[in-house]
Amino acid sequence: AQSVTQLDSHVSVSEGTPVLLRCNYSSSYSPSLFWYVQHPNKGLQLLLKYTSAATLVKGINGFEAEFKKSETSFHLTKPSAHMSDAAEYFCVVSGPFGNEKLTFGTGTRLTIIP
Amino acid sequence: GAGVSQSPSNKVTEKGKDVELRCDPISGHTALYWYRQRLGQGLEFLIYFQGNSAPDKSGLPSDRFSAERTGESVSTLTIQRTQQEDSAVYLCASSYRDGLREQYFGPGTRLTVT
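Heads up: the protein sequence lines correspond to chains C and H, in order.
Just so you know, we're using the numbering used here here: the first sequence kicks off at 1 and counts up by one.
Just so you know, we're using the numbering used here here: the second sequence kicks off at 1001 and counts up by one.
Chain H extracted, bound-state conformation:
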């Protein structure tokens, strides 16, 4: 079946502009995660959605970052007033809710802030 999809695959933006990144999880997956991967580093957890529960936003680096999810489907990560340090690959993952379920990752969005 279809995997996790993300769009755009690449985004170049000027410092100070806002960007929106989209994630479509696997159908039936109630949990959705956003991570950031800076060049040469591991993934940093950003935010976690689980069904209709309040999201876990503990990984968001600043109030310029926000994310929404429509029900148990698409999610949008928004970065306002982008800075050069926001340049990274942003990865989305989804999983089933219960137990120790594998997270399935999308291909990522490469964001470059100039």
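Extracted from the complex, chain C is given alone in its bound form:
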């Protein structure tokens, strides 16, 4: 079975400073990993996905994540936070066959301080 641990339930950063949202995963197979974002009163949106190609994955809105197998981590970063980045972020691992049965982390709420 697969699992995901998001190490911080809440992260606050000042506008213009770097963002780091941490995620560790566990699976018995080579997983595919995703980051989804959920803005208030809006649906979930895919930020980026790792599918065993390049270990550094670039997503939308300047976000990127690096897959580190030795550390079983998939941390999400952004060089400079923007007010519009305030949202809930979910790290997600796929089932063994790819897309089905996504397993979500408990989420990290990102607050941007003006």
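Watch out, some of these pointers could steer you wrong.
Unchecked claim - Below 30 Å or equal to it, Euclidean Cα-Cα: the simulated BS3-like pairs (lysine-lysine) are: (1) K101(C) - K1057(H); (2) K58(C) - K101(C); (3) K101(C) - K42(C); (4) K68(C) - K58(C); (5) K1011(H) - K1057(H); (6) K69(C) - K49(C); (7) K1017(H) - K1057(H); (8) K1011(H) - K101(C); (9) K101(C) - K1017(H); (10) K1011(H) - K42(C); (11) K1015(H) - K1057(H); (12) K58(C) - K42(C); (13) K49(C) - K1057(H); (14) K1015(H) - K42(C); (15) K1015(H) - K68(C); (16) K1011(H) - K69(C); (17) K101(C) - K69(C).
Unchecked claim - What follows is a list of derived Cβ distance ranges for each label pair: (18) E15(C) - S1066(H): 24 to 32 Å; (19) I60(C) - R1038(H): 26 to 34 Å; (20) E64(C) - R1038(H): 26 to 34 Å; (21) I60(C) - S1009(H): 23 to 31 Å; (22) E15(C) - R1038(H): 26 to 34 Å; (23) R1081(H) - T77(C): 43 to 51 Å; (24) T72(C) - Q1041(H): 37 to 45 Å; (25) G1016(H) - A54(C): 48 to 56 Å; (26) T1114(H) - S14(C): 23 to 31 Å; (27) R1038(H) - G16(C): 42 to 50 Å; (28) A1054(H) - E64(C): 37 to 45 Å.
Said to hold, decoys possible - One-sided and incomplete, this derived list gives chain H residues near chain C with beta-carbon spacing under 8 Å: (29) L1039; (30) Q1041; (31) F1045; (32) D1056; (33) P1061; (34) F1065; (35) E1102.
The set of hints was computed from the structure by calculation and includes no laboratory data.
Bear in mind that the values here come from a model prediction, so they are computed numbers and not experimental data.
All C-beta atoms in this analysis are idealised placements derived from N, C-alpha and C, irrespective of residue type, glycine included.
Start from chain C and add chain H according to the hints.
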């Protein structure tokens, strides 16, 4: 084009009543998923439909929960004899069948059981 739609957006029901939640996937998407999101938690997988194959019901929490899908279109999630612990946001997602395809999420139905 149109995204995944869900109805109703909000549902308040009394304990013991049955409820039906509807999901209209994106046209052409053969896979459809239901998830539950309890307050402050990540998403829990409930059920997965793929074309005409038997659905994966492994995430349904009890026999009070059931879901149907008409061909490759609309799906209905039914909760019988609702309990207060059923209160949550129920999210539907759809995707193409093959490969690692992004799941597109609907806005969800917020269910409150009083």
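For each hint, the structure was consulted:
Restraint check for K101(C) and K1057(H): satisfied, since their Cα atoms lie roughly 10 Å apart, inside the 30 Å limit. For a cut-off of 30 Å, the pair hint linking K58(C) to K101(C) stands: about 24 Å separates their Cα positions. For the suggested pair K101(C) and K42(C), the alpha carbons sit about 22 Å apart, so the restraint of at most 30 Å is met. At most 30 Å may separate the alpha-carbon atoms for a hinted pair to count; K68(C) and K58(C) meet this at roughly 15 Å.
The suggested pairing of K1011(H) with K1057(H) holds, with an alpha-carbon distance near 23 Å, which does not exceed 30 Å. A threshold of 30 Å between alpha carbons decides the hint, and for K69(C) with K49(C) the separation of about 15 Å falls inside it, so the pair holds. The straight-line distance between the Cα atoms of K1017(H) and K1057(H) is roughly 22 Å, inside the 30 Å bound, and the hint therefore holds. Taken as a hint, the K1011(H) and K101(C) pair is honoured in the structure, with Cα atoms around 26 Å apart against an allowance of 30 Å.
Distance hint between K101(C) and K1017(H) is fulfilled; the C-alpha atoms sit about 29 Å from each other, no more than 30 Å. Distance check on the hinted pair: K1011(H) and K42(C) sit about 17 Å apart at the alpha-carbon level, within 30 Å; holds. At most 30 Å may separate the alpha-carbon atoms for a hinted pair to count; K1015(H) and K1057(H) meet this at roughly 24 Å. A hinted pair counts as satisfied when its Cα atoms are at most 30 Å apart, and K58(C) with K42(C) qualifies at roughly 23 Å.
Proximity of K49(C) to K1057(H) is assessed by CA-CA distance (about 25 Å); at most 30 Å being required, the pair is judged to hold. Between K1015(H) and K42(C) the alpha-carbon distance is near 28 Å, which keeps this suggested pair within the 30 Å criterion. A distance of roughly 47 Å separates the Cα atoms of K1015(H) and K68(C); the hinted pair therefore is violated under the 30 Å criterion. About 43 Å separates the Cα atoms of K1011(H) and K69(C), which puts this hinted pair outside 30 Å; it is violated.
Straight-line distance between C-alpha atoms of K101(C) and K69(C) comes to about 21 Å, which keeps the hinted pair within the 30 Å bound. Taking the beta carbon of each, E15(C) and S1066(H) are about 47 Å apart, not inside 24 to 32 Å as hinted. Between I60(C) and R1038(H) the CB atoms are about 27 Å apart, so this pair conforms to the stated range of 26 to 34 Å. Between E64(C) and R1038(H) the C-beta distance comes to about 30 Å, which sits within the given range of 26 to 34 Å.
For I60(C) and S1009(H), the hinted distance range of 23 to 31 Å is satisfied, since their beta carbons lie about 26 Å from each other. Under the hint 26 to 34 Å, the C-beta atoms of E15(C) and R1038(H), about 31 Å apart, fit the expected range. Checked against the given bound of 43 to 51 Å, the beta carbons of R1081(H) and T77(C), roughly 46 Å apart, stay inside it. Checking the proposed 37 to 45 Å range against T72(C) and Q1041(H) shows it is violated: the Cβ atoms sit about 22 Å from each other.
Between G1016(H) and A54(C) the C-beta distance comes to about 53 Å, which sits within the given range of 48 to 56 Å. Between T1114(H) and S14(C), the C-beta spacing of about 42 Å breaks the proposed range 23 to 31 Å. For the pair R1038(H) and G16(C), the beta carbons lie near 34 Å from each other, so the given range of 42 to 50 Å is not met. A beta carbon spacing of about 39 Å between A1054(H) and E64(C) agrees with the range 37 to 45 Å that was offered as a hint.
The interface hint given for L1039(H) is violated, since its Cβ lies 11 Å from the closest Cβ of chain C, which is over the 8 Å cut-off. Checking Q1041(H) against chain C: minimum C-beta separation of about 6 Å stays under 8 Å; hint holds. Contact between F1045(H) and chain C, as hinted, is supported at the beta carbon level, the nearest pair being about 5 Å apart and thus within 8 Å. Of the supplied interface hints, the one on D1056(H) holds, with its beta-carbon coming within about 7 Å of a beta-carbon of chain C, less than 8 Å.
Violation of the interface hint for P1061(H) is found here, the shortest Cβ-Cβ separation to chain C being roughly 15 Å, above the 8 Å cut-off. Contact between F1065(H) and chain C, as hinted, is not supported at the beta carbon level, the nearest pair being about 16 Å apart and thus beyond 8 Å. With a least beta-carbon distance of about 5 Å to chain C, the hint placing E1102(H) at the interface is held under the 8 Å criterion.
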